[in-house]
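Colleague: As you go down the protein sequences, you meet chains D and H in turn.
Heads up: the first sequence at position 89 corresponds to 89 in my numbering, and the numbers run straight through without jumps.
Add 1000 to a position in the second sequence, counting from 1, and you land on the number used in my numbering.
Hints are supplied without guarantee of correctness; some may be wrong.
With a straight-line cut-off of 20 Å between C-alpha atoms, the simulated DMTMM-like cross-links for lysine to aspartate or glutamate are [as the list claims (entries may be wrong)]:
id	chain 1	residue 1	chain 2	residue 2
1	D	Lys102	H	Asp1061
2	D	Lys102	H	Glu1025
3	H	Lys1002	D	Glu147
4	H	Lys1058	D	Glu569
5	D	Lys315	D	Asp181
6	H	Lys1013	D	Glu38
7	H	Lys1008	D	Glu255
8	D	Lys518	D	Glu482
9	H	Lys1008	D	Glu139
10	H	Lys1058	H	Glu1087
11	D	Lys112	H	Glu1025
12	D	Lys83	H	Glu1080
13	H	Lys1013	D	Glu255
14	D	Lys83	H	Asp1052
15	H	Lys1008	D	Glu130
16	H	Lys1008	D	Glu147
17	H	Lys1002	D	Glu255
18	H	Lys1013	D	Asp37
19	H	Lys1058	D	Glu130
20	D	Lys465	D	Glu447
21	D	Lys589	D	Glu569
22	D	Lys580	D	Asp440
23	H	Lys1002	D	Glu569
24	D	Lys111	H	Glu1025
25	H	Lys1002	D	Asp37
26	H	Lys1008	D	Asp262
27	H	Lys1088	D	Glu406
28	D	Lys360	D	Glu447
Worth flagging that the hints you see were computed from the coordinates, not collected in a lab.
Note that the coordinates shown come from a computational prediction; the quantities given were computed from them, not determined experimentally.
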Amino acid sequence: MYRSHVLVCGGTGCTSSGSLQIFDLLKEEIAKNGLADEVSVVQTGCHGLCALGPIVIVYPEATFYSMVKPEYIPEIVSEHLLKGRVVKKYVYEDTVQEEGLKPLHETDFYKKQHRIALRNCGVINPENIEEYIGTRGYEALGKVLTEMTPDDVIKCILDSGLRGRGGGGFPTGRKWQLAKDLVKGGQKYVACNADEGDPGAFMDRSVLEGDPHALIEAMAIAGYAIGANQGYIYVRAEYPIAVDRLNIAIGQAREYGLLGKDIFGTGFDFDLELRLGAGAFVCGEETALMTSIEGNRGEPKPRPPFPAEKGLFDKPTVLNNVETYANIPQIILNGAEWFASMGTEKSKGTKVFALGGKIKNTGLVEIPMGTTLRTVVEDIGGGIPNGKKFKAAQTGGPSGGCIPAEHFDVPIDYDNLIALGSMMGSGGLIVMDEDNCMVDIAKFFLEFTVDESCGKCTPCRIGTKRLYEMLDKITKGQATLEDLDKLEELCYYIKDNSLCGLGQTAPNPVLSTLRYFKDEYIAHVVEKRCPAGVCKDLLSFVIDPDKCKGCTLCAKKCPAGAISGTVKEPHVIDTSKCVKCGVCIENCKFGAISKK
Amino acid sequence: MKSLAELKAIREKMQGQVGLRSESETQTRVVVGMATCGIASGARPVLTALADAVMNKKLEDVAVVQTGCIGLCQFEPIVEVIAPGKEKVTYVHMTPEKAEEIVEQHLIRGQVVTQYTLGAANK
Chain D
1 MYRSHVLVCG GTGCTSSGSL QIFDLLKEEI AKNGLADEVS VVQTGCHGLC ALGPIVIVYP
61 EATFYSMVKP EYIPEIVSEH LLKGRVVKKY VYEDTVQEEG LKPLHETDFY KKQHRIALRN
121 CGVINPENIE EYIGTRGYEA LGKVLTEMTP DDVIKCILDS GLRGRGGGGF PTGRKWQLAK
181 DLVKGGQKYV ACNADEGDPG AFMDRSVLEG DPHALIEAMA IAGYAIGANQ GYIYVRAEYP
241 IAVDRLNIAI GQAREYGLLG KDIFGTGFDF DLELRLGAGA FVCGEETALM TSIEGNRGEP
301 KPRPPFPAEK GLFDKPTVLN NVETYANIPQ IILNGAEWFA SMGTEKSKGT KVFALGGKIK
361 NTGLVEIPMG TTLRTVVEDI GGGIPNGKKF KAAQTGGPSG GCIPAEHFDV PIDYDNLIAL
421 GSMMGSGGLI VMDEDNCMVD IAKFFLEFTV DESCGKCTPC RIGTKRLYEM LDKITKGQAT
481 LEDLDKLEEL CYYIKDNSLC GLGQTAPNPV LSTLRYFKDE YIAHVVEKRC PAGVCKDLLS
541 FVIDPDKCKG CTLCAKKCPA GAISGTVKEP HVIDTSKCVK CGVCIENCKF GAISKK
Chain H
1001 MKSLAELKAI REKMQGQVGL RSESETQTRV VVGMATCGIA SGARPVLTAL ADAVMNKKLE
1061 DVAVVQTGCI GLCQFEPIVE VIAPGKEKVT YVHMTPEKAE EIVEQHLIRG QVVTQYTLGA
1121 ANK
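Next comes chain D alone, as it looks inside the complex (with noise of 0.2 Å):
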């Protein structure tokens, strides 16, 4: 029996950090110090505050630890683990006060979120089915095959509320009927869509690191409510950590006899096979992801015939995302009427969201479908760095859109954000402030859309290009008012003849900004001018003669030999060569160079 639990985060981004290398000489030292019998080192998936990795807490004390480094670790072993003296400098601030520390749940970033689907991430040992089993893990499944009728799951999950968590809200338990009914009986599949690809967004990839077992639950679960007896994950080969687990979860499930014959003895066969998806954007639609997992080429098919009727192999499949799963085991436990206490009358439960982009608090969160913008940005996320301005939030990734200061307090659900012209998107949540250029912004998303099309229909496969040059040609100040107006009009109908989703929301990033940004498009295309200082064509670097020393230094680190003049004489920037990199005004201890 262990006294005390020292966790430490092996998710992707503690891991980067360094995490794995804290653990190991978290073990050493604790051997070192005979503590081996009495203190367990356990290593866990995400705890949400990623921008404080590595991250340590010590249990049961709940000490939080962050930003550990190597050499700490000798200190906080002997005081703390050997001696009780919590090692204060090395906590994590927020948690700090005068006497003892604040709990965990009461920090301002913990306080306000909810965690459902991420509640055993940070919490148990994704390796470890009996630690997942601990926590309540299986008994959903147990409750479901040997107290419940398929028609009792699929009602629990219809009044409970939830809709999908990928992207577009269909509601899980409608899908799942759809599967069940339209095709009685015959093969059937269930998959999950765990290709999480929009930049800046990994909840699927945390849930996936810190509790996978909660996934393979939730398909068996599935694979009874619709009778289907065989299920695929189709995860991308670019989350390495997540592939081993899933792998170790799915191989701990047959040995446990959780996956395979007769589950629970109850006559019940279910298992699952991983397909990993060689990174196009493209598969994370539903067509395209399951003619990936067939063995052809990611590409999209026209619906209907929809999945619950034909999907892989032409049999009935149920696709739903990471994130959805991840609530099915704790609905059944706790009933439909309890998700659904939770949110606003259309959006139930909790929704995890990235936190990425100009925010204090980099990481993943999970906060009640209703929560306002302002509650997450600022409370949660602690605020925009270097007191800036908070200026817009893109949500939903290359497929979704801004909402501006203005909407600030609009409380976050599924109908709110379309009716603003975003979506919920799987849930990356990217803070910007006036530093970003909107239209840079929409620019950057394009590229990413065009990289990504996968070429099968032409409105996506040309449209997006030209939208593209058509954005380029605005932040190189060479378009014309009527530009902008011929934008619009593709952008229309690039989404009104899109075979699929990526080309039907493509437009959107663009969309969105000339909605709230239109002033930022025409200072580029009327007065050349890019309001936020980012569009290098439009930018010119110039020294104030007045604040200007002489002291040589810009002229030194200018990598392309564009400031000359003599020693304690005002510079001058020869804008012909100039290439607009900035390192001139880092340097200047004067702050005589500007951008205009």
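Dock chain H against the given chain D, drawing on the hints supplied.
Modeller: For chain H alone, kept in the frame of chain D given last:
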């Protein structure tokens, strides 16, 4: 595994372990003084005895934690039991055997073992 009973058995075995990683306001904290003075007078076996007993008896909502020097070095090993809404009880001159008694009497039955308290030692 072929039955729900087996699943339940694993769950119960693991709950004590994973349960350690929770925070709650209703938790009773059992605090062991583990500064140099405490360790020198034998606080380590007391701490492990407490942790083992709490786990073996499957006591939920009880956390065994360490603290530094309380300032009463001559009374070490010291164990404090802090239950929410109740007055703190300080046990002194602890041994692993006495610690097990405290788990049995105080934590399970709710009866303070008066003879081991600081008040009794001061008389």
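Colleague: Please go over all the hints and tell whether each is borne out by the structure.
Modeller: Against the structure, the hints:
Pair hint D:Lys102 plus H:Asp1061 holds up; C-alpha atoms about 18 Å apart against a cutoff of 20 Å. For the proposed pair D:Lys102 and H:Glu1025, the alpha carbon gap of about 12 Å is at most 20 Å, so the pair holds. Pair hint H:Lys1002 plus D:Glu147 holds up; C-alpha atoms about 16 Å apart against a cutoff of 20 Å. Using a Cα cut-off of 20 Å, the hinted pair H:Lys1058 and D:Glu569 is violated, with the two alpha carbons roughly 79 Å apart.
For the hint linking D:Lys315 to D:Asp181, the alpha-carbon distance of about 13 Å falls within 20 Å, and the restraint holds. At most 20 Å may separate the alpha-carbon atoms for a hinted pair to count; H:Lys1013 and D:Glu38 meet this at roughly 17 Å. Distance hint between H:Lys1008 and D:Glu255 is fulfilled; the C-alpha atoms sit about 17 Å from each other, no more than 20 Å. Note on D:Lys518 and D:Glu482: the hinted pairing holds, with a Cα-Cα distance of about 14 Å set against a maximum of 20 Å.
A hinted pair counts as satisfied when its Cα atoms are at most 20 Å apart, and H:Lys1008 with D:Glu139 qualifies at roughly 8 Å. Taking the CA atoms of H:Lys1058 and H:Glu1087, the gap is about 24 Å. The hint is violated against a cut of 20 Å. Distance hint between D:Lys112 and H:Glu1025 is fulfilled; the C-alpha atoms sit about 17 Å from each other, no more than 20 Å. Proposed proximity of D:Lys83 and H:Glu1080 is supported: the alpha carbons are some 16 Å apart, at most 20 Å.
As the CA atoms of H:Lys1013 and D:Glu255 are separated by approximately 18 Å, the hinted pair is consistent with the 20 Å bound. A C-alpha spacing of about 18 Å is found between D:Lys83 and H:Asp1052, which places the hinted pair at or below 20 Å, so the restraint holds. Taken as a hint, the H:Lys1008 and D:Glu130 pair is honoured in the structure, with Cα atoms around 11 Å apart against an allowance of 20 Å. A distance of roughly 16 Å separates the Cα atoms of H:Lys1008 and D:Glu147; the hinted pair therefore holds under the 20 Å criterion.
Taken as a hint, the H:Lys1002 and D:Glu255 pair is honoured in the structure, with Cα atoms around 11 Å apart against an allowance of 20 Å. Under the criterion of a C-alpha separation no larger than 20 Å, the hint pairing H:Lys1013 with D:Asp37 is consistent with the structure, at around 18 Å. Taken as a hint, the H:Lys1058 and D:Glu130 pair is honoured in the structure, with Cα atoms around 17 Å apart against an allowance of 20 Å. For the hint linking D:Lys465 to D:Glu447, the alpha-carbon distance of about 8 Å falls within 20 Å, and the restraint holds.
Only pairs whose Cα atoms come within 20 Å are accepted, and D:Lys589 paired with D:Glu569 is accepted, the gap being roughly 15 Å. Proposed proximity of D:Lys580 and D:Asp440 is supported: the alpha carbons are some 16 Å apart, at most 20 Å. About 86 Å separates the Cα atoms of H:Lys1002 and D:Glu569, which puts this hinted pair outside 20 Å; it is violated. Between D:Lys111 and H:Glu1025, the direct Cα distance comes to roughly 14 Å. Compliance with the 20 Å bound is thereby established for this hinted pair.
Between H:Lys1002 and D:Asp37, the direct Cα distance comes to roughly 32 Å. Violation of the 20 Å bound is thereby established for this hinted pair. Annotation: proposed proximity of H:Lys1008 to D:Asp262 holds, straight-line Cα distance about 18 Å (limit 20 Å). This hinted pair does not check out: H:Lys1088 and D:Glu406 have alpha carbons roughly 52 Å apart, beyond 20 Å. This hinted pair does not check out: D:Lys360 and D:Glu447 have alpha carbons roughly 27 Å apart, beyond 20 Å.
The structure is inconsistent with the numbered hints 4, 10, 23, 25, 27 and 28, although it conforms to all the rest.
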